[in-house]
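Number of protein chains: 4
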Amino acid sequence: MLVVMKPSATEAQVDAVVEKIRSLGLLPHAIPGAQRTAIGITGNKGALDPSLFDAMPGVREAIRVSQPFKLVSREVKAEDTIVDVAGIPLGGPAIVVMAGPCSVESREQVLEAAREVKAAGATLLRGGAYKPRTSPYEFQGLAEEGLKILALAREATGLRVVTEAMDVETLAMVADYADLVQIGARNMQNFSLLKQLGKIGKPVLLKRGPSSTIREWLMAAEYVVAHGNPRVALCERGIRTFENATRNTLDLNAVPVLKSLTHLPVVVDPSHGIGIRAHVPAMARAAVAAGADGLIVEVHPCPEKALSDGQQSLTPGEFAGLMAQVRVIAGAVGRPI
Amino acid sequence: MLVVMKPSATEAQVDAVVEKIRSLGLLPHAIPGAQRTAIGITGNKGALDPSLFDAMPGVREAIRVSQPFKLVSREVKAEDTIVDVAGIPLGGPAIVVMAGPCSVESREQVLEAAREVKAAGATLLRGGAYKPRTSPYEFQGLAEEGLKILALAREATGLRVVTEAMDVETLAMVADYADLVQIGARNMQNFSLLKQLGKIGKPVLLKRGPSSTIREWLMAAEYVVAHGNPRVALCERGIRTFENATRNTLDLNAVPVLKSLTHLPVVVDPSHGIGIRAHVPAMARAAVAAGADGLIVEVHPCPEKALSDGQQSLTPGEFAGLMAQVRVIAGAVGRPI
Amino acid sequence: MLVVMKPSATEAQVDAVVEKIRSLGLLPHAIPGAQRTAIGITGNKGALDPSLFDAMPGVREAIRVSQPFKLVSREVKAEDTIVDVAGIPLGGPAIVVMAGPCSVESREQVLEAAREVKAAGATLLRGGAYKPRTSPYEFQGLAEEGLKILALAREATGLRVVTEAMDVETLAMVADYADLVQIGARNMQNFSLLKQLGKIGKPVLLKRGPSSTIREWLMAAEYVVAHGNPRVALCERGIRTFENATRNTLDLNAVPVLKSLTHLPVVVDPSHGIGIRAHVPAMARAAVAAGADGLIVEVHPCPEKALSDGQQSLTPGEFAGLMAQVRVIAGAVGRPI
Amino acid sequence: MLVVMKPSATEAQVDAVVEKIRSLGLLPHAIPGAQRTAIGITGNKGALDPSLFDAMPGVREAIRVSQPFKLVSREVKAEDTIVDVAGIPLGGPAIVVMAGPCSVESREQVLEAAREVKAAGATLLRGGAYKPRTSPYEFQGLAEEGLKILALAREATGLRVVTEAMDVETLAMVADYADLVQIGARNMQNFSLLKQLGKIGKPVLLKRGPSSTIREWLMAAEYVVAHGNPRVALCERGIRTFENATRNTLDLNAVPVLKSLTHLPVVVDPSHGIGIRAHVPAMARAAVAAGADGLIVEVHPCPEKALSDGQQSLTPGEFAGLMAQVRVIAGAVGRPI
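Just so you know, the sequences run in chain order X, Y, S and V.
What the first sequence shows, in this note's numbering, is residues 1 to 337, in sequence order.
What the second sequence shows, in this note's numbering, is residues 1 to 337, in sequence order.
What the third sequence shows, in this note's numbering, is residues 1 to 337, in sequence order.
What the fourth sequence shows, in this note's numbering, is residues 1 to 337, in sequence order.
Same shape as in the complex, but just chain X:
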């Protein structure tokens, strides 16, 4: 249920609705909006009766929300959410490009990558300090030392930092260093972590699980928002299918579907999505043409020496070429970079 207030509603009228919701044993969620104030209600078992709220002063209408996801739904908030990433608006007109190495390997590697991707037009630096790896014997990341290197690169270049948190134990530390906290595909339904993300003061980039439906993904985002953090962006990174000519199957269908179902920003990761260096630019162009609000791209000063994901990382020169192509497509869909 969503209670939409009149534009003329007073603060006291809003408070009265909030109190009424609480008195019913339910949870009120204020929904920010330029045009209208609204209060989402969760915690009810069955459908609520709109007449509980319709007649209250200042209320324009009470609407039933048909989707199982509520707070992230377009039904509840029609306007696009713009997530503020340390001053960079994600989800607004401009397309945000995040780039950098898969793993933080060394100070030199990160600084070089940062300078190069900044020069080419990226505004966020990506890089993993904690690495989820299929094998326990593979490189697991530099941990806090890696986070410090990212912070250093931020100071040196002004790029904001997006980096992955893998668990509740290290989340607070990652959130301290990061401007945008990435949640990896395999943690998309780590519900304990999702709940904790509701309590941090940083925005979240929630990657899609490799076999998660769009609705499950939106439910995962709903966990974060329902637990208190409305600053969530979604990142399509490829799903698992029978096709093995590509690493994953980047599902660009998800972009227009998400834009119609949710007000949250949508980012695309063509690097993991297709997993083949030569084809990353084509998928980046397609993502922007399909309506993505941002891109996250793996760039390594020397891909053949990368400790992870070298086969899909671009050289700085290739990334500059990608940016030139993406700028033209962004222009064609009326969006700056």
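Keep in mind that the hints were calculated from the coordinates and are not lab data.
Even for Gly, the Cβ is constructed at its ideal location relative to N, Cα and C.
Treat each hint with caution, since some may be false.
As the list claims (entries may be wrong) - Which bits of chain S does chain Y cover? Going by a derived footprint, with three or more residues having C-beta under 8 Å, they are:
| id | region |
| --- | --- |
| 1 | 185 to 192 |
| 2 | 313 to 322 |
Unchecked claim - Below, simulated BS3-like cross-link-like pairs (lysine-lysine); rule was C-alpha separation at most 27 Å, straight line:
| id | chain 1 | residue 1 | chain 2 | residue 2 |
| --- | --- | --- | --- | --- |
| 3 | V | Lys20 | V | Lys45 |
| 4 | V | Lys20 | X | Lys305 |
| 5 | S | Lys45 | Y | Lys195 |
| 6 | Y | Lys118 | Y | Lys202 |
| 7 | S | Lys199 | Y | Lys305 |
We have chain X; now place chains Y, S and V onto it with these hints.
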């Protein structure tokens, strides 16, 4: 094995190579090319020794082909194949747009659709006279009456006609009426039909099977080419995955992968691919941005009355809007429509 | 709609119902049954009104059929269908085992395989004379010569013959030689072929398409039955999933699901299903435990020399071992072999 | 690399090998075995030279392990591992049946379920106190109160308890109450949790992720073993495919594949696997016929009132029927229950 002749090779030298291949019990296939004459060899069980041909007069080199598909491979023919569809070049610089109803239902419906899609910029008219339907109780198409209606619409508008052949029995008749013979997804590995397609004088649009890998798809194209018809274009139309928010998962990853593996043109069907009317334009834009050579789009004068696929058919007005958007993207990647 | 007659209904009363159905422009289908006579109705666009038939003499009740498949549905016929394969009852209490090589390669190979599988307890001989192959350059089968070899083996051993028909052109010839006509997975939705199968006088073994849902499969069977041939058995042979440790994912879930949805017999092909010789017996045991009515198993006198599918073919000795295990499981579920 | 000692090797000789491994900067892992002592080596980047160890006193041979999983591989340990679950041997000749409700809902519900499943022959009680739920608005479990109820049921019946741990924070508490700690499908690649499981003193039941390959699953088990806990059993519970007639696709192919690749016990969950109450017994029979070492089945005193998974829970009476059937199959494959 591919025997590449020198630019200066004489016809007699080419003939000698062809004879040598036949004398080994193998099949020669002339590969047309602007820059060079080449002869593909198939029929060998194991690898052939290049020295069998290297020393023959006029031969530049004999190359082993590493892929299981040979004649459709970029290894064998580096230049893009341009398929001539009754004067429309498919696979060249210009993006070819095919549009029209899912099924041919009536003369009025098809003529109206044809005029509208022509006005919006399509150059081929699509429409099914033979319809593969999951249920035996659903509308199965108008058969030859439908083909006649398509021919009429061609005369009236100058649009070329692409329509589906479902079996060997009706293939000759379909090929008589069609300018481009479409093979549906569920027939992609109907090998008897593929062999027969090698013998018709019309080009073929081979749709990807919903659970076919890119390599299986190229092997299916290889069947047609190896049996004598080099005029084949591929059509991505969505694969079957676990995701059910969309009808299929349009796999745009296939576009750059195909463009690197094969010289054949690549068409995309966003209508079946995503299966939701509102999202067809986004996927059409993305397909062109990814490098597709053509689009095939369902357009119906009155989608809610369509006998099939109404939920994914555009109105003529929506199609005109799609064309405007696609033109801008095509321009951005340097291609006319 | 299904019109169920009273046990006491006269022939004239049944005829009157059939006439009434025809007079409505619909198609009557007599449903054989030990307990009751019934007439299925197809061809209606919307739901029919039961009162059209309820009051007719001899009618017990008219029932709406909720599934999109009608004639193959348990709703329409509650009792198991027993398909008579040249005297072998498939779908009755006894589990029917079909075995033999993937491809017919030579007279010696087939005769040896036939004698061995008969000795171990099989009652049908399998072997392909027409082979659907992913590559046009692979062995395509011995065609009619292969069918003759199978007939010879039948004469020599008394085994019935199951072999694949690939297209309408060769269907009549295959049906001449075969006791059970197999339709391969990639032809499951070859609707032209399915319609033709409705007109042959032999029973059909319809394999599941590798990405076909159970409902699509039942609709394919419905094509055959609706076009006149009620003697259809279904064969689960593995679906395509992301898992690549096995050739396919044999979907044994389909067995109980099918047994609840349809009255047709269900056969399982563990050889293609898992695709690894060592694991075929385990899947054969599991299939019988899950409720399968039959098995079809690849056996080759010398698997390492097989022209196709050697990696999943059992030696005759391994097959005898499988039969011993399957007999015990069959006994445990109360079924003879 | 695996260093296999001679049966006659002394403790000092074993220690010398361990020291040699450590001196190379690598990790030794003692592999328990009735027939032989062996030491697994992990931590090496490339292949090790067997001659480093071959000549050492007491060493029979040093073997390269070809699989990416090492400690859980059959190459490293040929004998079946028997996991001791508070005195119940899992992975030995006897098939272990675990049963109980999806969620712990109340004392009465759990006690009733426990008595019933014990009477029918189960030896472990299942029930979730922490519930991973797709929606933040669904019942999340009773937490420690639920664990206490399970402990009570253990006291009352003697059944051992298997229950799920969802995160590192609550793992120690769950491990305190549980005899077998279950890790749910969505946490299969929660690497932080896997590492922590290496340090608990209880055995682990690791469910397969719904889109995880068998190899990824074995790598996840390798995480637990490599971090110090060799008491791991694997639980197949269905994978995600395109088929939607069943909740998941229970992949029984995994059973023989796992039994050949690993020495760990394999349990099957037919309830989540097929997700349809009526078909759970068929899949349970098939699982045992395929070679499973155990079953985990959802049983609820009153499935229609269950707070989760009611559609796939058996009544106590249905469970008793399942046990009768499974006993017969177990007997047929020579295993007691």
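The hints, checked one at a time:
1. 185 to 192: holds (count 6)
2. 313 to 322: violated (count 0)
3. V:Lys20 with V:Lys45: holds, 17 Å
4. V:Lys20 with X:Lys305: With Cα atoms ~30 Å apart, Lys20 of chain V and Lys305 of chain X exceed 27 Å; violated.
5. S:Lys45 with Y:Lys195: violated, 37 Å
6. Y:Lys118 with Y:Lys202: holds, 22 Å
7. S:Lys199 with Y:Lys305: Not satisfied, since the Cα-Cα distance of roughly 34 Å exceeds 27 Å.
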